[in-house]
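Chemist: For reference, the chains in residue letters:
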Amino acid sequence: MATESAVSTLSVHDAEHDHHEELSFWRKYIFAEDHKTIAKQYLISGIVWAIIGISFSVMFRLQLGFPQMKLEFLRPIIGNWIDESGKLDPNFYLALVTMHGTIMVFFVLTAGLSGTFSNFLIPLQVGARDMASGFLNMLSYWFFFLASMLMFVSLFLETGPAAGGWVVYPPLSALPQAHMGSELGMTLWLSSMALFIVSQLLGGINYITTVINLRTRGMSFSKLPLTIWAFFLTAILGLISFPVLLSAALLLIFDRSFGTSFFLSEIYIAGEALPNVGGSPILFQHLFWFLGHPEVYIVMLPALGITSEIIATNSRKPIFGYRAMIASMMGIAFLAFIVWAHHMFVTGMNPFLGSVFMFLTLIIAVPSAVKAFNYITTLWRGNIRFTPAMLFSIGLVSFFISGGVTGLILGNSALDIQLHDTYFVVAHFHLVMGASSAFGLLAGVYHWFPKMFGRMMNEKLGYIHFWLTFIGIYCIFFPMHYIGIAGFPRRYYAFSANDFTKNIFHDMNAFISVMAIVTFSAQFLFLYNFVYSLIKGKKATQNPWQSNTLEWTTPIVPGHGNWPGEIPAVYRWPYDYSKPGAKDDFIPQNVPYSATPESNLPHENELISLEKAIEAQNYNDQFKQPH
Amino acid sequence: MKEETEEIKWLEEEPEETLSVNPKRFILWLFIVSILMLFASFTSAYLVRRAEGNWLDFVMPPVFAYSTGVLIVSSITMHWAYLAAKKDNFNALRIAITVTFVLGMIFLYMQFQGWVELVKSDVYFVGNPAGSFIYVFTGMHAFHLISGLIVLVFALVAAFRLRIHAKSLDQIHIATVYWHFLDILWLYLFFFLLYFH
Numbered sequence: 001m002a003t004e005s006a007v008s009t010l011s012v013h014d015a016e017h018d019h020h021e022e023l024s025f026w027r028k029y030i031f032a033e034d035h036k037t038i039a040k041q042y043l044i045s046g047i048v049w050a051i052i053g054i055s056f057s058v059m060f061r062l063q064l065g066f067p068q069m070k071l072e073f074l075r076p077i078i079g080n081w082i083d084e085s086g087k088l089d090p091n092f093y094l095a096l097v098t099m100h101g102t103i104m105v106f107f108v109l110t111a112g113l114s115g116t117f118s119n120f121l122i123p124l125q126v127g128a129r130d131m132a133s134g135f136l137n138m139l140s141y142w143f144f145f146l147a148s149m150l151m152f153v154s155l156f157l158e159t160g161p162a163a164g165g166w167v168v169y170p171p172l173s174a175l176p177q178a179h180m181g182s183e184l185g186m187t188l189w190l191s192s193m194a195l196f197i198v199s200q201l202l203g204g205i206n207y208i209t210t211v212i213n214l215r216t217r218g219m220s221f222s223k224l225p226l227t228i229w230a231f232f233l234t235a236i237l238g239l240i241s242f243p244v245l246l247s248a249a250l251l252l253i254f255d256r257s258f259g260t261s262f263f264l265s266e267i268y269i270a271g272e273a274l275p276n277v278g279g280s281p282i283l284f285q286h287l288f289w290f291l292g293h294p295e296v297y298i299v300m301l302p303a304l305g306i307t308s309e310i311i312a313t314n315s316r317k318p319i320f321g322y323r324a325m326i327a328s329m330m331g332i333a334f335l336a337f338i339v340w341a342h343h344m345f346v347t348g349m350n351p352f353l354g355s356v357f358m359f360l361t362l363i364i365a366v367p368s369a370v371k372a373f374n375y376i377t378t379l380w381r382g383n384i385r386f387t388p389a390m391l392f393s394i395g396l397v398s399f400f401i402s403g404g405v406t407g408l409i410l411g412n413s414a415l416d417i418q419l420h421d422t423y424f425v426v427a428h429f430h431l432v433m434g435a436s437s438a439f440g441l442l443a444g445v446y447h448w449f450p451k452m453f454g455r456m457m458n459e460k461l462g463y464i465h466f467w468l469t470f471i472g473i474y475c476i477f478f479p480m481h482y483i484g485i486a487g488f489p490r491r492y493y494a495f496s497a498n499d500f501t502k503n504i505f506h507d508m509n510a511f512i513s514v515m516a517i518v519t520f521s522a523q524f525l526f527l528y529n530f531v532y533s534l535i536k537g538k539k540a541t542q543n544p545w546q547s548n549t550l551e552w553t554t555p556i557v558p559g560h561g562n563w564p565g566e567i568p569a570v571y572r573w574p575y576d577y578s579k580p581g582a583k584d585d586f587i588p589q590n591v592p593y594s595a596t597p598e599s600n601l602p603h604e605n606e607l608i609s610l611e612k613a614i615e616a617q618n619y620n621d622q623f624k625q626p627h
Numbered sequence: 001m002k003e004e005t006e007e008i009k010w011l012e013e014e015p016e017e018t019l020s021v022n023p024k025r026f027i028l029w030l031f032i033v034s035i036l037m038l039f040a041s042f043t044s045a046y047l048v049r050r051a052e053g054n055w056l057d058f059v060m061p062p063v064f065a066y067s068t069g070v071l072i073v074s075s076i077t078m079h080w081a082y083l084a085a086k087k088d089n090f091n092a093l094r095i096a097i098t099v100t101f102v103l104g105m106i107f108l109y110m111q112f113q114g115w116v117e118l119v120k121s122d123v124y125f126v127g128n129p130a131g132s133f134i135y136v137f138t139g140m141h142a143f144h145l146i147s148g149l150i151v152l153v154f155a156l157v158a159a160f161r162l163r164i165h166a167k168s169l170d171q172i173h174i175a176t177v178y179w180h181f182l183d184i185l186w187l188y189l190f191f192f193l194l195y196f197h
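If you read the sequences in order, they're chains A and B.
Numbers 1 to 627, taken from UniProt numbering, label the letters of the first sequence in order.
Numbers 1 to 197, taken from UniProt numbering, label the letters of the second sequence in order.
Errors might be hidden in some of the hints.
[Stated by the list, open to error] Ranges between beta-carbon positions, derived for each pair:
(1) Val-48(B) to Ile-409(A): 28 to 34 Å
(2) Tyr-124(B) to Gly-487(A): 43 to 49 Å
(3) Pro-351(A) to Gly-69(B): 27 to 33 Å
For the record, the hints were derived by calculation from the structure and aren't laboratory data.
Only a predicted model underlies this, so the values are computations on that prediction, with no experimental measurement involved.
Yeah, the Cβ is synthetic: ideal placement off N, Cα and C, and Gly gets one too.
Could you build all of it, start to finish, from the sequences and the hints given here?
Modeler: Right, here's the structure in full:
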């Protein structure tokens, strides 16, 4: 009888489908409301930004590694920022550093990572037809696009883009007289970021609503894949912290454009006092880092979620400590909001307050270590399949640990005062946040490429890409720790002014730069692989990694609404890999316990009686409502 | 006795129902959270800055107190609109939304008068942050209130096209909750400014 009713609802759905007229090209590919198309838009935009952002770092690495080098060959790209003697303009060097940070943190690792995978995976893995609001989701992408355009235009200004560091501290960023990058470039930076924040809020609101309200029958929170948990917590972090950055940006805009003094006080330029009195530049730092610190986890958590999924699938083992993983992500998300002042130990803050923030900061090591151990124990004695996605996930765990350990050093206020703004900090956050979440992004692309485009990526190229990138990144950032301990400050154009930096570490800086070029070049292998596989890759099967989550129950290339007919119900958690007694080494989430008597544990046999109740549950199927 | 324990056991084992709130209403609440965070951040910036001293003391123009009253009344009329929609009383619904809209406009005008008063007493947007913050608070709130007015216009159009009725309350529900939120937000800002000026 149950099957009969299922069949009848199925035919009703098909009938409903028929009067969906074919969407025009614009509605289907450009102003699309389908979450899968929007995810691809984010992915492509993220890749374009990543090429721009990383190429900037290669340009300033050339300056740092080879200060005497003639950079004439860059003239076709950056024009007159190469001066007559063939040197990189110092002002543009600052702009490059700033733009590298801004682009990588916000446009690649926030929009490119969350935007791609939250959009793509949330509806597919929780069992929904689409996002809660396709329209808001579309707006989210186009706000991001506008933000991208403004930032892109600012690269071509005569006075250059913003150049006060990605943290845009006033007064440097507030006064156009301070630096040429603080003129129109900074205005565009702020406008772009305001639009970017709107985009992230629209996206995040959609993610949270979808996870809470559009889960399919039986998909309780304790059966959600860890990817979804990670995206969910990331969206909550964004929802709470991005408005704070917006407030800081607005006040800075008022200071710059209307002459208020929120962040400015008693400043003399060329002997003349500015009228601004009574502001506090430290206030900006508080507001900025209240976003800035959670932002680190906004970048990191999705990558960790993706890794959990990929490591469990490719170890053919249940994830170790599912609930501990959720609890530690919640712990990280909570702590993220109360540690921001560890970026400000050198602002002259009360040492007692500093020790409170130090204590809270060091506590983050606990949930992070729980996660690291859980990854390792999941791998332990697993039947590991080294797919490229798996390699990148293991690489992520490696970076997360080696970068996290230096976090313990920097979290100590006494040590931080010594190491603040040196290359030690640069090495730390590039490993723990930059490289690891980039690896999460790459792992995600390798893993879900078959679901996105219906074709497989080339594995051999993937392996070469992985080893070049993995070794390259360690060669770049490991030596940086030494340079930082030696006292080399970050963001400097040249180290010729100080005695303690003048004559040492030339060779190491040159080595880092060479490795940066090698690693950057290796990314073109990925790009080639991506484009080639898109067109000529091997056709994917429905479930190429033999994975348990719901997205692999859809057709190879899911259409509008993701599942033809009824959405599958969910009966078990997503990590039933290599279950003793089972026929296969994986049991997808939509297989009921009644179908697997050979592998059920005693308490699972008791759950069989609940299957009818699960099937009868209410859930929001958007196709059942007029839309 | 035995039956009772069995029943309790059965209750415990019931599969968790997937939560299903109306997604549109839920989206509204999340929007409210983000707006709340924006203002929480403004007001905490205010407190941090105020604690540093060099703070301009001035009297809040009384017109802000009157505008507060107007906004509270508008909240009541908005609720009237919601009740009318629930009872399919279309005339009352249209009148109530219109009255709320007009009261909202009056509120905005009074806020503007508040700015005029501030300028008269030599408190400018540009100058000591104590003054600048007042303009930012009122200005940002007014900006959000305008968005609330736009929501009201849509609700009014829907009311005239008979798209709001007892069986289709989503739109009026969203408009009402948003309007009440804007009201409470202003009350928070108003009393915050009174207490910490």
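Chemist: Does each hint fit the structure? Answer for all of them.
Modeler: Against the structure, the hints come out as follows:
Here the CB-CB span from Val-48(B) to Ile-409(A) is close to 29 Å, well matched to the stated 28 to 34 Å. For Tyr-124(B) and Gly-487(A), the hinted distance range of 43 to 49 Å is satisfied, since their beta carbons lie about 46 Å from each other. As the Cβ distance of Pro-351(A) to Gly-69(B) is approximately 48 Å, the hint placing it in 27 to 33 Å is violated.
Against the hints set out earlier in the document, a violation occurs for number 3 only.
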